[in-house]
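Protein chains in written order, with this note's numbering: chain A, 1 to 219; chain B, 1 to 616.
Calculated from the structure, these hints are not laboratory results. Among the hints, erroneous ones may be present.
[Said to hold, decoys possible] Under the rule of at most 30 Å between Cα atoms (straight-line distance), these lysine-lysine pairs were calculated in the DSS-like manner: (1) A:Lys35 with B:Lys30; (2) B:Lys6 with A:Lys193; (3) B:Lys579 with B:Lys225; (4) B:Lys493 with B:Lys443; (5) B:Lys16 with A:Lys141.
[Claimed, not checked] Interface residues of chain A toward chain B, partial, derived using beta-carbon atoms under 10 Å: (6) Cys26; (7) Pro89; (8) Glu90; (9) Ala164.
In this text the structure is predicted, and so the values were computed from the model without any measurement. Backbone N, C-alpha and C fix where the C-beta goes; we use that ideal spot for every residue, glycine too.
One-letter residues, chain by chain:
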Amino acid sequence: MKNIVRMRFAKTGRARYISHLDLIRCFQRAVCRAKLPAAYSEGFHPHMQTSFATTLPLGFFSTAEQMDLELTEELPCDAVMERLNAVLPEGIRILEAWKGMLAFKKLAYANYTVRIPGESSGELYDSFCAFAAQPEILTEKRTKKGGTKEVDLKPMLEVTGAEALPDALELRLCLPAGSTANLNPMLLLETWKKQTEQTWVSPEICRTELLTEEKQKFF
Amino acid sequence: MNVRAKIEPLLLQAQKPAQYIGGEVGSICKERESVDVRFAFCFPDTYEIGMSHLGMKILYSLINARENFWCERVFAPCADFEALMREYQIPLYALESLDPVREFDFVGFTLQYELSYTNILNMLDLAGIPLHACDRGEALAPLVVAGGPCVCNPEPLADFFDLFILGEGEEVNLELMDLYLRMKRQGAGRSAFLRAAAQIEGIYVPSLYEVTYQADGTIAAVTAKDGAPEKVTKRIVQDMDKAFYPETFVVPFMETVHDRAVEEVLRGCIRGCRFCQAGFLYRPFREKSPETIVRQCRSLCDTTGYQELSLSSLSTSDHSQLEETLNELLPYLDENRINITLPSLRVDNFSKELMDRIQGVRKSSLTFAPEAGTQRLRDVINKNVSEEELMRTAGIAFSGGFATVKLYFMMGLPTETMEDVEGIVHLAEKLIDLYYNTPERSKGKTIQISISCATFVPKPFTPFEFEPQVSREELLARQEHLLSCIQPRHRKKIKVSWHTYEISLLEAVLARGDRRLVPVIERAWQLGSKFDSWSECFHYEIWEQAMADCGVSASFYANRTRAYDEIFPWDHLDYLVEKSFFVRENQTAHASETTPHCRAKCAGCGVNRRIGRACF
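Turn these sequences into a full structure, and let the hints guide you.
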């Protein structure tokens, strides 16, 4: 039985601008600083055994990232969390640690909160609701091979909340975030922006929860 | 001004935004209100390059160790982010507080290479600080200062800086900041401060020196005024075991050029290669004890989490107790899965044992720097590496599985002939023969030899400071000859590359230039020069134009033989090595004679008399 600790962590503040590869390296160095007994792969160039549920697009906030760390000995999950939090940089915080149950490939959906700053949030609200109510939302999506293909975002879109605040429009979205289907909320927002000629810039996007195929809490 | 709010919406439009926002592990944030003196340490190149620089790490930690001082880091933005900064009027800011650099007390640049000079002007401009020291008024701040190796001849930058710091900064930087704080509290102005600062050993205030010229363009005299010393002497730390060294480094998020823990194991160099400026600038030779090295390495690795450690210096294998040090260090490194690298190993003491020690490192390629193709020319430059030693080491390496060799040479060295150029190819051919005569070589692999030829740049404070740089025509002829010497059957095994001649020419002009280059650098920057050390950004036409506009000739600075008794632009700066020694070494070079390394026999450079003790 492997000693694998699963951790949920937040990525906020200055740490939002760290790319995924840099984040992995950052965690591995933190494990070294914390002197945790990390497990390594076999072979000529052994790697520390860490894995991440999914990647977070550059610039997004998150309170719902998850990672696994394999150790060579059994340690209380809370102790691992505390030792890592003592050496992690500003903006990266482990919020809970436990023995993970589901394989990361079972990840299917994620919840997001989107905040679009602007005083005319009422107009933004109406515009977005009309946009989301269309029977289909066609857009160009870049493929891995470097080309583009047309996709319909409508079947992937679930709006779980929308509110016009005094200084911003706030949206709550549930979108596919697994390895087979994935929708970056930025693609959705850019499509809306292009269709309706909006002028807003730099929305704040926060991933708030990872979910299973059944849209249950991922753990 | 809230820079953070202005940059955050723009960061995602830039490549590698992590370099513009700080927040790394080990970076130090203090309360603005609780510090007395703020120092912006500026590296005039990108974050990726600058974050690898050891001097910045040392001085950053040194200043921040003082509770009431705060040192922050500043780098040159890449072109994409610079364009955004200019479009949205974002001033150059420091990475810790994200406050504009112009609000700091000290804006300190490190001068690591001549081709970064236009970046300095660009950064001052982005910061909104007047380029010329004389336009900064009587207010004390910001003081624009510089240190680093190129400060040994800072004359081409004289008008842009309030003062220069000569030599090692561990002590003098704090003395300077203490004086500043005292005078700030007294309400002193800039000129009074600069006069007082000039009295600190190692501080050179260029505005307190007047330069006059002869009719032939050489310097007539450099005269000190307002009580400034006639000669400014560089500072050194006496005892490397007691010198300040960081307990931790800032750990970048993004990958940088040298992304690892670095332990400086010694300072100075015993070798005396006659072309090498660092070998003379950093004298005397001083080592850290194995205990200090081990303690500092452990602290660095423990606090940064780096799994790569470099034992760094000009010539690490010259450390007299390297074996003991490695023996003490290895159990810790093994236990923590830390790889060790030993850069700048010399051919002559590269042993099989040492190679086994560093086996964790990937066996990729073997690098030698014979610098010259024949023994005669290696004697001239005092690169005391013999062909037999090189072949012996290569043989060990070939039987150990290496099949790629990089060879570094310089072309245009003093006294170089076509025979020396042919020698480069002969050396490569002998390596090919050796490879195929080594029974234990990697079977099935073809040997690859890359020959990289730099153009020799004569530098101040070396025995070659008197020498002309080779002309373009002559260099091209030698390059062509080199290529023609490679036999067709070897063409696939030997690859040759060289640097653009004009880059080396500009380096030569700036390295030995005087104050008449001040307007040239400014003009080149106005015409768009920056990142000159990046060949894709280098445009010699701009520099030609700038020199023409200012009535300055490159050949006067680069291609002229200088008399032994000529007054050089840097003669009023004292790096502890006597000029008479450089003259003697120059004569010895022209006689094709070598000088033994310092440990074997004192060469009489004068440093020991100045520090009042024997070097060894």
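**Study point:** Agreement of hint Ala164 (chain A) with chain B interface, Cβ distance less than 10 Å
**Key:** Violated, because the Cβ-Cβ distance from Ala164 (chain A) to chain B comes to roughly 21 Å (cut-off 10 Å).
Review point. Keeping to a limit of 30 Å between CA atoms, is the pair of Lys493 (chain B) and Lys443 (chain B) held or broken?
Key: Measuring from Cα to Cα gives roughly 16 Å; hence the hint holds.
**Study point:** Given pair status - Lys30 (chain B), Lys35 (chain A), alpha carbons within 30 Å
**Key:** 27 Å, holds
Check your understanding: Is Lys16 (chain B) within 30 Å of Lys141 (chain A), Cα to Cα?
Key -> Within the cut-off at roughly 23 Å; holds.
**Study point:** Satisfaction of the Cys26 (chain A) interface hint, Cβ to chain B closer than 10 Å
**Key:** Hint holds; Cys26 (chain A) Cβ to chain B Cβ min 6 Å, cut 10 Å.
Review point. Any CB of chain B closer than 10 Å to the CB of Glu90 (chain A)?
Key: Hint on Glu90 (chain A): holds, closest Cβ of chain B at ~5 Å, below 10 Å.
Exercise for review: Below or equal to 30 Å on CA atoms is what counts here, so check Lys579 (chain B) against Lys225 (chain B).
Suggested key: Within the cut-off at roughly 24 Å; holds.
Check your understanding: Does the CB of Pro89 (chain A) sit less than 10 Å away from some CB of chain B?
Key -> Holds: closest Cβ of chain B sits about 5 Å from Pro89 (chain A), inside 10 Å.
Practice item. Quickly compare the C-alpha distance for Lys6 (chain B) and Lys193 (chain A) to 30 Å and report which way the hint goes. Key: Holds, at about 22 Å.
This entry does not satisfy hint 9, going by the numbered hints stated previously; all others are met.
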